[in-house]
Every structure is written in C-alpha cells, then in structure tokens.
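Produce the complete structure using the sequences and hints provided.
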Amino acid sequence: MMAAATHSVTLDGLSGRPIEVEVDIGGGLPQTVLVGLVDTMVNEARDRCRSAVANSGTTWPDQRVTINLAPSTLPKSGSHYDLAIALGVFAAKSLIPAEQLAGAAFLGELALDGRLRAIRGVLPATLAAAEAGFDRVFVPEVNVPEAELVRGISVVGVRSLRQTVALLTGQEQPDDPPVPPLDDVPSISWTSGDRLAHLDLADISGQEDSRMALLVAAAGGHHLLMTGPPGIGKTMLAQRLPGLLPDLTHEQSLSVSAVHSVAGVLPSDAPLLTRPPFLDPHHTASAVSIVGGGSRVIRPGALSLAHHGVLFLDEAPEFASNVLEALRQPLESGHVVVSRAAMTAAFPARFQLVLAANPCPCGLSSAVSDQCRCTPLMRRRYADRLSGPIRDRIDIHRSLTAITRPELVSGMTGARSTSELAGAVVEARERQLWRLTGSPWRTNSEVPGVELRKHWPVHDAGRALVDHQLRANKLNARSADRILRLAWTIADLSGRDVPGADEVDAALSLRRGTALGGAMRDMVQAS
Numbered sequence: 001m002m003a004a005a006t007h008s009v010t011l012d013g014l015s016g017r018p019i020e021v022e023v024d025i026g027g028g029l030p031q032t033v034l035v036g037l038v039d040t041m042v043n044e045a046r047d048r049c050r051s052a053v054a055n056s057g058t059t060w061p062d063q064r065v066t067i068n069l070a071p072s073t074l075p076k077s078g079s080h081y082d083l084a085i086a087l088g089v090f091a092a093k094s095l096i097p098a099e100q101l102a103g104a105a106f107l108g109e110l111a112l113d114g115r116l117r118a119i120r121g122v123l124p125a126t127l128a129a130a131e132a133g134f135d136r137v138f139v140p141e142v143n144v145p146e147a148e149l150v151r152g153i154s155v156v157g158v159r160s161l162r163q164t165v166a167l168l169t170g171q172e173q174p175d176d177p178p179v180p181p182l183d184d185v186p187s188i189s190w191t192s193g194d195r196l197a198h199l200d201l202a203d204i205s206g207q208e209d210s211r212m213a214l215l216v217a218a219a220g221g222h223h224l225l226m227t228g229p230p231g232i233g234k235t236m237l238a239q240r241l242p243g244l245l246p247d248l249t250h251e252q253s254l255s256v257s258a259v260h261s262v263a264g265v266l267p268s269d270a271p272l273l274t275r276p277p278f279l280d281p282h283h284t285a286s287a288v289s290i291v292g293g294g295s296r297v298i299r300p301g302a303l304s305l306a307h308h309g310v311l312f313l314d315e316a317p318e319f320a321s322n323v324l325e326a327l328r329q330p331l332e333s334g335h336v337v338v339s340r341a342a343m344t345a346a347f348p349a350r351f352q353l354v355l356a357a358n359p360c361p362c363g364l365s366s367a368v369s370d371q372c373r374c375t376p377l378m379r380r381r382y383a384d385r386l387s388g389p390i391r392d393r394i395d396i397h398r399s400l401t402a403i404t405r406p407e408l409v410s411g412m413t414g415a416r417s418t419s420e421l422a423g424a425v426v427e428a429r430e431r432q433l434w435r436l437t438g439s440p441w442r443t444n445s446e447v448p449g450v451e452l453r454k455h456w457p458v459h460d461a462g463r464a465l466v467d468h469q470l471r472a473n474k475l476n477a478r479s480a481d482r483i484l485r486l487a488w489t490i491a492d493l494s495g496r497d498v499p500g501a502d503e504v505d506a507a508l509s510l511r512r513g514t515a516l517g518g519a520m521r522d523m524v525q526a527s
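When the letters of the sequence shown are read in order and numbered with my numbering, they come out as residues 1 to 527.
These aren't lab readings, by the way, just hints derived from the structure by calculation. Glycine residues also receive a C-beta, built at the ideal position from the N, C-alpha and C atoms. Some hints could be false.
Quick list of simulated restraints, FRET-style, between CB atoms [what the hints assert, rightly or not]: (1) V450 to S419: 35 to 41 Å; (2) K474 to A270: 28 to 34 Å; (3) A464 to S419: 36 to 42 Å; (4) D269 to E325: 34 to 40 Å; (5) G513 to S419: 52 to 58 Å; (6) S268 to G423: 51 to 57 Å; (7) V450 to A341: 34 to 40 Å.
Only pairs whose alpha carbons sit at most 20 Å apart, straight line, appear in this in silico EDC-like list of lysine to aspartate or glutamate [said to hold, decoys possible]: (8) K454 to D481; (9) K454 to D497; (10) K93 to D47; (11) K454 to D467; (12) K474 to E420; (13) K474 to D384.
Structure (structure tokens):
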C-alpha cells in the first residue's frame, strides 16, 4: 500500500480553509474513487488528472486509487484541486519526496496535456494559505501577480504539471509554452473607477443643487436618489461620482480585488484594484446577478463587486421588486449572505448606492413641455415600486428640474471641475478619519446612530431642529440618525469642528429633496 498527502485550499465566499488531499494506491480492481463531499466539478478531476499524469512522464496506477479531500464534512467545489491531486499520485508512486510537499499549498486546473490553466479566487485562496501557516503556494504562472499581493508567503508560478514535478525533484525544468489568462465574460457590467476619470462635473450645465448633493454624497459615503425626466443629467451625475472618490487604501484594495478574483473578473494585467469600482447593471438583471449565488459555485453579485465603490441602478423602479428589496440588509450591515442547500457564503457589500428614477412611467411629469398623460394612480404605483423602507435608507434625495435655455447654451460659467472638488472630498475624508480614529469606521455614513449620538453629538441648536421634526412625525429614528450623519459631512466640508443649526438645516434639505439655501452654496464654493 502506497499513500501520500498534499494540500490545497477551499473557499467559502471570501474565507478559505486548508484541505488535505490524501492519495492511497492499494490492491483491488483498477478504479479511481474520489471522496470527501465533492461535487460534480471536483469529481471530473479524476479524468483530467489521469490524462495529465499520463502525459507528464508517468502512468496512472493500474490499481485501486482512493483520493480523499479532508475534512470530509466540508463541501468541495471548483477545479483548482487538480494540481494537488496529480502531485499526490506522483508522491504515492514515490516519484516526489514527501518532504518537498510539506508546507506547500497547490492551486491549479490541469489540462489534459498537463498544462496549468488559470483559476478564479487565487488572491483569497493565497490569503487563506498564508493564514494557515503554509510557506509556499504553487499557482498557475498567469495567476502569479495576483498571488504575490499577499505578504508573508512564497509564490511559485508554474506552467504545467511536468514543470512542477521538476521543481520539486530538482530536475531540469521543461520549456513548456505559456498558458493564456482566464478569459471570462462577466455577467454584469462593471467598470473600474479610473476608467471614468476623464468625466468632469464641469461638463454638466445647470443642476447646481444636484452637484452639491453629489459632493456631500462623495465626502461622507452617503446613498443618493435622483428623480427627474429623461435627459436631465441623472446618469451623467452618477458616472462622475467615482471621480470624486479618493483612491482605495491597501487594505480596501485587497478586499475589493479578492471579491473580483472570486467572481473571475479581475484583470490579469492589473490584479490590484486601486480605484473604487463602478457597477451599472441593467434593470433586467436577475436577483442572482445582483445579490450573488449560483447552482454549483456561489459567486458574488453586483452588491459585492461594488464593495468600497458605487452601485448605480439606473431606471431603478424598473428593477424587479425582489432585487430592490434585497438591498435592505446590505445597506445596513455592509455584507450579503447567500444561502443554498449545500453551503452558505458571505461576501462584503459596503457600497455607495445611487438610484435614478423618472417621476412617472412616461418620464414627462416634471418636464418643461408638460406632455405627461399619466394618471395620478399610475404615478403613485410607479413611485411605490421603490418601497418606503428602501427610500428611508437613502440619505440624500434630489429632484432634478429642467435647466433654462441660456444655461444649456452657455454652460455653467465658473463651475468647479471634478479634480477641484475631489480635493475637498479628500480633506473631508481626512477629517472623518482623524475623528473616528480608534473606531472600526472610516466615514460618517458607517457610524451607527447610537455611537454618533453618544460620542459625536451636534450643537444643541441643531439637535433641537431634529427633535422638532421627530415630534412632528416628519422623521423616524433611523431618518434622524441619517440627518445627523449628513450634518457631520457638511461640517467636514466646511471645516467646522461640530455641526450646528445651519448644517442640520442643510442636511434636512438634502434629505427632503428641497432647494438648498445660500449658506449651503457658499460652503460648497469655499470648500
């Protein structure tokens, strides 16, 4: 009886656990058995590994081969166990010294000729291997830049099974051809924030109040709802929001890149995303593509791919009701949990939501031409597609109105560019980061209401305004907390240490969607 063991990693969402791959070659009829709660995709590894081993300098054992992926209680899915299984067979045949396999994790999908194909999820899998105490990780050569983002572990890139065996045995390495990167078309539309960097807020004519609302949203990470007729500039404003946001920190970049790696949409030439992502799914997108899921492997959806970035839902009332209602929990918790019969996966989802909607089904209710023929009942039903709980979770509400012809012809004279306003956003974010030092939060929108009232209260005059709205039943407790968060962001933009009545009044205007006062405009111009 000959037995050997190698190691790999299994992913549960973004968290990984080490897997021991045991290979036993014993007596009996020639048969290969794969056990350890594996799914169909892993079960197919038997045939891939058999051909790869046969084409890599040795033969598949003409005996009973038992392959166990332990622990057996953990579901296994994916094709990245191939390399560990094939090397286990080599070790069981005493073709690789057991000590060479110690302290190493192996990831990679084998082609029938022994080449190593690129795989998804290399970044979180390498993170899991490093946390489990492995010294080395073997990955397909094309995935090396992604794996090297993890510190504290040696990354070895290989092109084929033959090359891996030669490295482990100290033999001369064969000159195998390179393998192309993973070519996977994403099921939803996503854009890295730097691809929208050329878009400038100065290009938008009019909409001064909406521009200010966009600035406040960027400075504090607040959610935004824009309502207005078609062609008024809602999409243009949303696409310019990523340009106002600062670069991701290294920790945020790793988290965002890990999500995109699991989804298979991480660019091979830029494995570390440094700009906030921008997701713009179509309104016909399914709940699985937005929330995440899958029949065999649970993959993250748009909510998670927009982590630390912007999720823009254009024509928001046209999205399916179950898709919109699925936003409720992630907007509060910052993560999404996808449960299936076989497994449950959790993905981060701390995104900034931007919704755009027409005022009625035809979209002409507030247009200058006044050609709307929708009945009041039709308008009410259309507005009700965005439920009260969803609207209540949106910090800023804006109703965009048609601009005058002189504004459209001459443009916004003296309008500040995106680069200028981005500097004000950075300064406001730095003030928040300094104030929130020692806490798990980085922006005003993340701070729970109870902590905000306890540690960072507003001036008494500002609190009196909020209390008056509460007594008049114009705000609920959650809305009041969001008003306080907005007031703090406005104070950060204006350089004030504590929000007062003016900041709270401006926050109420942003929340209600009413016109912003002159004091608010002066603050933005001075920021």
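Hint consistency between K454 and D497 [alpha-carbon to alpha-carbon, up to 20 Å]: 16 Å, holds
K454 paired with D481 [C-alpha distance capped at 20 Å]: Holds, because 12 Å separates the two Cα atoms, which is no more than 20 Å.
Satisfaction of the hinted span 34 to 40 Å by the C-beta atoms belonging to V450 and A341: Between V450 and A341, where Cβ atoms are some 37 Å apart, the hint holds.
Agreement of K454 and D467 with the hint, judged by alpha carbon distance not exceeding 20 Å: 16 Å, holds
Given hint D47 paired with K93 - CA-CA distance at most 20 Å: 18 Å, holds
Range hint compliance [Cβ, S268 to G423, 51 to 57 Å]: Given range 51 to 57 Å: violated, Cβ gap about 33 Å.
A270 and K474 - C-beta distance against the hinted 28 to 34 Å: 48 Å, violated
Agreement of K474 and D384 with the hint, judged by alpha carbon distance not exceeding 20 Å: Cα-Cα ~19 Å, so holds.
V450 paired with S419, Cβ distance criterion 35 to 41 Å: Cβ of V450 to Cβ of S419: about 37 Å, so the range 35 to 41 Å holds.
Consistency of beta-carbon spacing, E325 to D269, with hint 34 to 40 Å: 38 Å, holds
52 to 58 Å as the expected CB spacing between S419 and G513, which holds or is violated: Cβ of G513 to Cβ of S419: about 28 Å, so the range 52 to 58 Å is violated.
Supplied distance hint 36 to 42 Å, evaluated on CB atoms of A464 and S419: 39 Å, holds
Of the numbered hints listed earlier, those contradicted by the structure are 2, 5, 6, 12.
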